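All chains, please: the whole structure from these sequences, using the hints.
Residues per chain are reported as follows:
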Amino acid sequence: GNSVTQMEGPVTLSEEAFLTINCTYTATGYPSLFWYVQYPGEGLQLLLKATKADDKGSNKGFEATYRKETTSFHLEKGSVQVSDSAVYFCALSDGWGGSNYKLTFGKGTLLTVNP
Amino acid sequence: DVKVTQSSRYLVKRTGEKVFLECVQDMDHENMFWYRQDPGLGLRLIYFSYDVKMKEKGDIPEGYSVSREKKERFSLILESASTNQTSMYLCASSSTGPNNQPQHFGDGTRLSIL
Numbered sequence: 001g002n003s004v005t006q007m008e009g010p011v012t013l014s015e016e017a018f019l020t021i022n023c024t025y026t027a028t029g030y031p032s033l034f035w036y037v038q039y040p041g042e043g044l045q046l047l048l049k050a051t052k053a054d055d056k057g058s059n060k061g062f063e064a065t066y067r068k069e070t071t072s073f074h075l076e077k078g079s080v081q082v083s084d085s086a087v088y089f090c091a092l093s094d095g096w097g098g099s100n101y102k103l104t105f106g107k108g109t110l111l112t113v114n115p
Numbered sequence: 001d002v003k004v005t006q007s008s009r010y011l012v013k014r015t016g017e018k019v020f021l022e023c024v025q026d027m028d029h030e031n032m033f034w035y036r037q038d039p040g041l042g043l044r045l046i047y048f049s050y051d052v053k054m055k056e057k058g059d060i061p062e063g064y065s066v067s068r069e070k071k072e073r074f075s076l077i078l079e080s081a082s083t084n085q086t087s088m089y090l091c092a093s094s095s096t097g098p099n100n101q102p103q104h105f106g107d108g109t110r111l112s113i114l
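Protein sequences, first through last, are from chains Y and L. The numbering of the first sequence is my numbering, which starts it at 1 and goes up by one. The numbering of the second sequence is my numbering, which starts it at 1 and goes up by one.
Hint data in this document are derived by calculation from the structure and do not stem from the laboratory. Where hints are given, some of them may not hold.
Beyond 10 Å from chain Y on every Cβ pair, some chain L residues (computed) [claimed, not checked]:
1. 13
2. 15
3. 64
4. 68
5. 87
6. 107
7. 114
BS3-like cross-link-like pairs, simulated, lysine-lysine; straight-line CA separation at most 27 Å [as the list claims (entries may be wrong)]:
8. 57/L <-> 107/Y
9. 55/L <-> 60/Y
10. 55/L <-> 107/Y
Reference excerpt, derived from the structure (chain Y facing chain L, CB under 8 Å, subset only) [said to hold, decoys possible]:
11. 7
12. 34
13. 42
14. 44
15. 49
16. 68
17. 101
18. 105
19. 106
20. 107
21. 108
22. 113
23. 115
In this text, all values refer to a predicted model and were calculated from it rather than measured experimentally. All residues carry an ideal CB built from backbone N, CA and C; glycine is no exception.
Following this line, the structure appears as structure tokens:
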């Protein structure tokens, strides 16, 4: 079955530091890959996505590249801000077999950015 | 923007009660989902629905049921609430299409069973 493994947190950084959150996956077929972010007290929001190998998703200064050869989708940001403090989830969807389009999530990584 | 609205942000119920969690989406999405979120376990899929009156079990359906009588509304039912169902519950919806359709989430219901 499908699975997503992301680095365990918590991750604590100082403002303007470089961020990497690792994500690797196992899937049948050709999945789409997503990063979601959950700010305190809120639901999940889509941060970025990539639908095929070598695609790069980007949003709000975050980037992730779909690497089929290493089955990875690592999240990066060059300079984090205090407002980026949140839980980040990596997810995949393979959409096989009908219209269910279930997502498989990683367990989440808590990021805290200190001023 | 897609809006997924969950009826309560916080809910406190007693063991043995029948509990209803409601979710409404305003984008005519075919697919709707219920997850629970627990520390260290991430999100786990309880049930999902890909059409009105259709439902399929997710990874942890035991102790739960669902209802989808209208396209925009998906209800999660705890038939007889137990303390191990204390959790954050998240509803999501998505459209049918290529598998790059993201899910859109509500703000969650934090349910406490006493």
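### Task
Could you work out which earlier hints the structure fails to respect and list their numbers in ascending sequence?
The structure breaks hints 6, 9, 11, 16, 22, 23; every other hint is satisfied.
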